[in-house]
Amino acid sequence: MTARRIIIACFLGLISAQSARAETACGTLSHMIESLSLVRQIQNDPGGPAYEAQIARLNTVTSQISLPGLIPADPSATRKTERDALIRYVSGLREAVSGAASGHDIYARQALETIVTPAVFDGLSSLEGHWKCSEENNEQESELDGETDTPAFSTAEGRNAENDVKRPSNPTESSSPTRNRPTETGSGNGPSLGRDAVVTGNTMTFFIMLLVMALIGAFFYAQKRARRKTVRETRRALNVPVDTELDGESLRMRLVDISMNGFKIRHSGQIDGQEEITIAIGGAWYEGHIRWANPHYAGVKFKRAIDPETLASVLDHPSDTPPSDTNT
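Going letter by letter, the sequence shown gives residues -22 to -1, 1 to 306 in mature numbering (1 follows the signal peptide of the UniProt record, and there is no 0).
Misleading hints may appear alongside valid ones.
[To be verified] Cβ pair distances, simulated, as ranges:
(1) K58 - M191: 43 to 49 Å
(2) P27 - S(-4): 52 to 58 Å
(3) P286 - L45: 54 to 60 Å
(4) S(-4) - G247: 53 to 59 Å
What the hints contain is simulated information worked out from the structure, not anything from laboratory work.
Glycine is no exception: its CB is placed at the ideal position from the N, C-alpha and C atoms.
Could you build the full structure based on these sequences and the hints that come with them?
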């Protein structure tokens, strides 16, 4: 029983830890989405009256972003390009708010213009699916929509939102639409590896949890089999008369076998639908639940299993007269 409780406690602890980590990751993802909304507002009106408030809020949001808690250790959860883009994005946010704090607003605005890429949106979309926090982020996005006149960023619109983000002039960068850029599969219309990786990661997690549960079940089954084997080995056949109490009536029956968990008695039809019986063996009274009965025999399970020493004492002196008062 102790081993079972330890395993169950470990299993529940594992689930709680995973749930807590997912909750933390979803919170960080919400801050990332809010930061994208603030970046868009600053880009749309870089010298507006709300600039200082937006930078101050961006500083607060950036301080609450922790990529180690957001990006899982499983490399299949996101593509390398997505992870690198997210790292550059957060690093750019910190440089921008640091520059704004030191009075270099132009540098801050330039930093914000260069950090938003399609890979950032793809990475957030992959992480949103990995941590299963789409519903929470949708609620936050709805709140952001109500707070500002400019729509907030959404990871769901990542592949189209890059058209609304200002880009720095770069002659080496292709002017073709982003949707025609080749993905890591080598095809411009190829599937999103980030989403496929999320599906693969979730499937692996499911099978790992299934394997853990199967191992726990196998352990309990083996433990039960071992216990039954021990009980069978301790079962001893007897043929001695014993005193019993059934529904407050004292009756004489015959004990035909006994183990640490229960016993079997022969009766003359007295047992018919009763649930409990008390038997006098080895100089003491023991209570038990009647598990099955027929016109001649009944199987009884002790309310509390007896230990090997008590069983040995019962086998040595099965018909010893117990005290007059019942001792459970």
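Going down the list of hints, with the structure as the test:
no.: 1; hint: K58 - M191: 43 to 49 Å; in the structure: violated, 33 Å
no.: 2; hint: P27 - S(-4): 52 to 58 Å; in the structure: violated, 43 Å
no.: 3; hint: P286 - L45: 54 to 60 Å; in the structure: holds, 59 Å
no.: 4; hint: S(-4) - G247: 53 to 59 Å; in the structure: holds, 58 Å
Hint check: violations occur at hints 1 and 2; the rest are consistent with the structure.
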